[in-house]
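Visitor: Work out the full structure: start from the sequences and follow the hints.
Chains as they are written, first to last, in the numbering used here: chain A, 74 to 447; chain B, 74 to 447; chain C, 74 to 447; chain D, 74 to 447.
What the hints contain is simulated information worked out from the structure, not anything from laboratory work.
For every residue, glycine included, the Cβ atom is placed at its ideal position computed from N, Cα and C.
Wrong hints could be hidden among the right ones.
[As the list claims (entries may be wrong)] Looking from chain A toward chain B, a few residues come up when the C-beta cut is under 8 Å (computed):
| # | residue |
| --- | --- |
| 1 | 238 |
| 2 | 257 |
| 3 | 262 |
| 4 | 295 |
| 5 | 298 |
| 6 | 326 |
| 7 | 329 |
| 8 | 341 |
| 9 | 343 |
| 10 | 360 |
| 11 | 375 |
| 12 | 412 |
| 13 | 415 |
| 14 | 437 |
| 15 | 440 |
| 16 | 444 |
Number of protein chains: 4
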Amino acid sequence: MTQSKLRMGMVGGGQGAFIGEVHRLAARLDGQIELVAGAFSRDPDNSAATGALLGLDSSRCYVDFEQMMQAEAALPEESRMDFVVIVTPNHMHFPVAKAALQAGFHVLSDKPATLNLDEALSLRDLVERSGKRYALTHTYLGYPLVRFAREIVAAGEIGNVRKVFVEYIQGWLAAEVENKQAAWRTDPARSGPSGCMGDIGTHAHNLAEYITGKEMTHVAADLSIFVEGRALDDDGSALFRMQDGVKGVLSASQICVGKENSLSIRVFGETGGLEWHQEEPNSLIRTYSDRPTETIRAAQGYLPDSVSSGYRTPPGHPEGYLEAFANVYLDFAQAIREGRDVATGVAGAVRGMAFVEALVASSQNQSVWTEIDA
Amino acid sequence: MTQSKLRMGMVGGGQGAFIGEVHRLAARLDGQIELVAGAFSRDPDNSAATGALLGLDSSRCYVDFEQMMQAEAALPEESRMDFVVIVTPNHMHFPVAKAALQAGFHVLSDKPATLNLDEALSLRDLVERSGKRYALTHTYLGYPLVRFAREIVAAGEIGNVRKVFVEYIQGWLAAEVENKQAAWRTDPARSGPSGCMGDIGTHAHNLAEYITGKEMTHVAADLSIFVEGRALDDDGSALFRMQDGVKGVLSASQICVGKENSLSIRVFGETGGLEWHQEEPNSLIRTYSDRPTETIRAAQGYLPDSVSSGYRTPPGHPEGYLEAFANVYLDFAQAIREGRDVATGVAGAVRGMAFVEALVASSQNQSVWTEIDA
Amino acid sequence: MTQSKLRMGMVGGGQGAFIGEVHRLAARLDGQIELVAGAFSRDPDNSAATGALLGLDSSRCYVDFEQMMQAEAALPEESRMDFVVIVTPNHMHFPVAKAALQAGFHVLSDKPATLNLDEALSLRDLVERSGKRYALTHTYLGYPLVRFAREIVAAGEIGNVRKVFVEYIQGWLAAEVENKQAAWRTDPARSGPSGCMGDIGTHAHNLAEYITGKEMTHVAADLSIFVEGRALDDDGSALFRMQDGVKGVLSASQICVGKENSLSIRVFGETGGLEWHQEEPNSLIRTYSDRPTETIRAAQGYLPDSVSSGYRTPPGHPEGYLEAFANVYLDFAQAIREGRDVATGVAGAVRGMAFVEALVASSQNQSVWTEIDA
Amino acid sequence: MTQSKLRMGMVGGGQGAFIGEVHRLAARLDGQIELVAGAFSRDPDNSAATGALLGLDSSRCYVDFEQMMQAEAALPEESRMDFVVIVTPNHMHFPVAKAALQAGFHVLSDKPATLNLDEALSLRDLVERSGKRYALTHTYLGYPLVRFAREIVAAGEIGNVRKVFVEYIQGWLAAEVENKQAAWRTDPARSGPSGCMGDIGTHAHNLAEYITGKEMTHVAADLSIFVEGRALDDDGSALFRMQDGVKGVLSASQICVGKENSLSIRVFGETGGLEWHQEEPNSLIRTYSDRPTETIRAAQGYLPDSVSSGYRTPPGHPEGYLEAFANVYLDFAQAIREGRDVATGVAGAVRGMAFVEALVASSQNQSVWTEIDA
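Guide: Here you go:
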């Protein structure tokens, strides 16, 4: 089990960028990954300062990602980075991933993978040709009880799935907000065709497909801009249909005042139901037709090993977002070592973009049922 | 304040009928209403036995509602019934209401008021011409915190309303069920054009309009029959739009295994939000953008009198469904005494039927946006 | 099943007295009890006005309880009251009960039964000699899930009981309060030797004994007066021991700011646990060592008939304090009809007083372990 | 802000020891601490293997702590460890701390600091003479909302504190358990005079003192051994008194079937209350006498900087036990850099031991009130 650490290069994540620091915390937690290189910011001073703060060799703090790929590829195999993590605004995800793959590096990318479906399809080709690992940081799939929910459904324990309710609602954009986080999320050039749905609706879509094991096939969507002057949706709801007759409702919103990161899902099958809330991730609710509702808890002895192995502490010591995020890193590291694909790979990238494009198309066309063409 | 009791006649509610007994409990609770007459069942023996059990004079246990209207109208004013409560299956609501109004009695009716919109419009005319009170038992409006939610919104305290999530989900029809309750709810001839939506979706619709003070104008609906062999929807979801740009999602389902009577609503305005769950009716959640979320509690001293007067016991003594139901009776009794209209009057009856018809039409037409024509 | 109503006379409960009205609501709910007589207040005008408001014959509104007992006993059996309900301040409970029993009436009394243990022992003798029913309105035993908790324990399903946590905390006396409710509760002459413990600690004691089926044998108590100038405890906690090695902690407080009627109990046995909260009375939590925690819900099909029969509505329609109270009335009425004892009879009255006296004695004596001598 | 990492040596925490790995996760999370040396196990193979797995230089994997102190002290200042973390069973805490302090190293120790009060007093002397930092890993003080609770109380916002309820209950020792964790916790030679109270009761004590800012002065305790054959308490409750008239109840138990790490505290002052549960650490409940109860949430903008700075992610991304633990490490690292004391320093070590000794003495002496002599 003694393994050398995987070496990571980061694009984006300069000082002041929230998500970059979160990635570093998650990558660091289990001691299996080492940050060795970075193109943290297009501002060379910021990039250098960030690297210094993180204890990086200054020679491996780059001014842009192209330079980084070139320079790292030129290093001896035993010291150059193994993979690139992409934590830039959305519009840079694809160009950086492309450059990394072409330079021979595995890629872990924030979602969305690309700005549109065409790019996602190109990315898929690139990944397939490269023979490298590619994964999206669908953080919420890193929660072990989400994996357990998927296992319960897959085992047929709730019968055929019938109905899914999934939503991701926040309140932080209920009024005009002027900060870096808000700026790119509301800018079509940097976020793609959708704001709220592209940012967080995709998490809801991804979670629904993951737990049910079904692909979403059609949506009838109504996206909204509630805050005047905004160019992209800050709210939306959609009816949807999945394979095998599953139906559902998906909502995402950033104008639900007082809500934080309220991602939740409820799945009902013929004989049972499951319910999970991201903000209370250590409980999974299970309903029956003829028995009391159960609260399945993190790290409990009654969980299968595949689930309980995802916890670092015994029951009752809450684990949260960073641990879930670290699980995504662990899974990616393991996939690199084993040369296998991950559940959050490029196929999901394509599906996510197709989902967003279908939503936007439906909403622009009187909410007509629109196929997700992935 | 010493008032003589109002005298009530009941149509429906024979032995074995759940809802009739609930009505009697609610009517009895506050000691202001007395059951004096009944046409409890089309089975004369059942009707007589029910009346006997309830201590009614056998001369006032009727074999059908026509006989009841005629005989009661012939009694001296000081002894004949003041109003009729209708607790039959849906298809009888309108004929009985019509007969009662025409015989000069006020009417309190279970919802839906009628089987379709045409009947509802006729009913509205009848009510207007009669000069009598007519109300639907929208029980959930009887919860004082629902009234408080309406007052908060009306006072502008959450800003202009933007988004509404409302749902009513149950699990009891997730499999085929063979009992009296299930039988008429799944029979078009007795339930009207919709099963689940007509039965409980209308409560969700009614609650959303009541709290927001806005009329729902359009729906894009997807109704489903999940249990094979059923003739009416047992599940459905709809995107909707209300006056003044409010948007929302409404779901109703009877196939959500393990769910009981999970009616809940969340309303988000520009500056705040409200959340209420029927199964925990003594709390109202209020969210802010810049302050902690509050849990407003039943019967508390900080509530306005208009709300706290709806409670019979001090804070911390849970009040529930029967008390809410009794509030509907109290309000109706008061309206009769004062000769005023009630919030749950015939206008809502028309709106409810128009809502159901719009849902069904939309669902049959590819979920196209359909106007609620009330 | 056709039964004539039981006729009730009430002592106390004049206009402005909260608890009298609650009794009347509870007695009325199921239509099996009729209020026919009252000595509602020592103020004859109040008594008469209360009776008039309630539709009582003025001849049966009495100026004091002695007159009431005498006059009612003189009425023909078919019209005189069957039982007396006592809703006066504490110090009157015993004298009224005594008079009623001696006049040949069954008695339902608010707790505490008497002001001290000596009176309680006298009361026990009186009851035994009278051959009449006597019961205390331990309202919280009226919740069907409390009964289910008792059944689970009695069936050995959680193994031998080891530890009990029980508490009843309120906040309404956290500051000086000037009203009728507060006045007598803080007056030794009207409340007996304890304030908070006598008022609500006894509910906690009673609940613990009822669910576990064990008698509390010893307490080590620390009672407090936190609000200056008060003559009786407004807070207290006690370690306790029960039969068969059960240990526990009991707290009661009226100075816990923001708390309403937070009565809760947790019972842990060798192999399982139970948890119930009065403010969410429709759920009973059950814990296991090797399975997920369950939430048992009111009125569910999986409950035994002995429990589900205590509900008036299907699952998901919350029932609360008034329904529990009405169950106490129903049980008492049934006991009268069957000539049997009730679970909340005079034995509990003696136990409750002995409990309070032991608490006070322990607290006055350095919290030394003190036997409950009942 | 660019700081070199602090170098850490670990005593205990060999493969198979749960808590050592938790420490390493916590120490690693923020990238400010580097593990450089270890005496992980008395089994040299285990120690070496653990070090290898962690990427340590084999020359710095020691066979015992004495050797470690000597060898590290002999290294040049710029490479030798800065501090020692002690994660052994309880009986080794003091000897290792003593050796470390005497060799000139700062010490971070699992609690309890020592096996008894005498040792704790010696430790205090040692710390004072050494001029080095000493801290206990009272992990639960690492939750930022716990710090906020303390600030609210200190600012007088709930008035003078009156009553405290604190408890820490688990279920994992409800039956005989045979594993390493259970073995030393139930062995007096390795755990000291108390089992459950020493292990987790001390957390409850520490939390109560921290939030209220008051010292606990007296206890009246009842400790129990429920599982036959066990030598130390597996359950206990105590009445307690604190400075300035504060009263309370403390319970700790390891036989509460189904409970995980249920540490919770409720503090009531004259005008408000606070409630916090370790298993839902991202919420702090605040009660008022005349306003709705508030749920204060982690990382919210309305928190003071002193609190919000303790979070690594925005609101709604749950942080948990590991993040709290990492905060303890951050605080200790900062204290070393600044040469200042920490809130969880040696004074608390003495207080904790005095608390345990008072509990045991009281329990052995008929639960008589016993002074905590610290």
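Visitor: For every hint, state whether the structure bears it out.
Guide: To see whether the hints hold, each was checked on the structure:
For residue 238/A, the shortest C-beta to C-beta distance to chain B is roughly 7 Å, which falls under 8 Å, so the interface hint holds. Among the interface hints, the one on residue 257/A is violated; its C-beta lies about 22 Å from the nearest C-beta in chain B, farther than the 8 Å criterion. Interface restraint check: residue 262/A against chain B, minimum CB-CB distance 26 Å, threshold 8 Å, status violated. Checking residue 295/A against chain B: minimum C-beta separation of about 5 Å stays under 8 Å; hint holds.
Given the 8 Å rule on beta carbons, the hint for residue 298/A is violated: about 11 Å separates it from the nearest Cβ of chain B. Proximity of residue 326/A to chain B holds as hinted, the smallest CB-CB distance being about 6 Å (cut-off 8 Å). With a cut of 8 Å, the hint placing residue 329/A at the interface with chain B holds, because the nearest CB-to-CB distance is about 5 Å. Interface hint status for residue 341/A: upheld, as the beta-carbon distance to the closest one in chain B is roughly 5 Å, under 8 Å.
Restraint check, residue 343/A versus chain B: the minimum CB separation of about 7 Å is within 8 Å; hint holds. Here the hint on residue 360/A is kept, as its CB sits about 2 Å from the closest CB of chain B, short of 8 Å. Interface hint at residue 375/A: violated, since its Cβ lies 19 Å from the closest Cβ of chain B, which is beyond the 8 Å cut-off. Given the 8 Å rule on beta carbons, the hint for residue 412/A is violated: about 41 Å separates it from the nearest Cβ of chain B.
Interface restraint check: residue 415/A against chain B, minimum CB-CB distance 32 Å, threshold 8 Å, status violated. Checking residue 437/A against chain B by beta carbon gives a least distance of about 13 Å; that is not within 8 Å, so the hint is violated. For residue 440/A, the shortest C-beta to C-beta distance to chain B is roughly 5 Å, which falls under 8 Å, so the interface hint holds. The beta carbon of residue 444/A is not positioned within 8 Å of any beta carbon in chain B (closest approach about 13 Å), and the interface hint is therefore violated.
Of the numbered hints listed earlier, those contradicted by the structure are 2, 3, 5, 11, 12, 13, 14 and 16.
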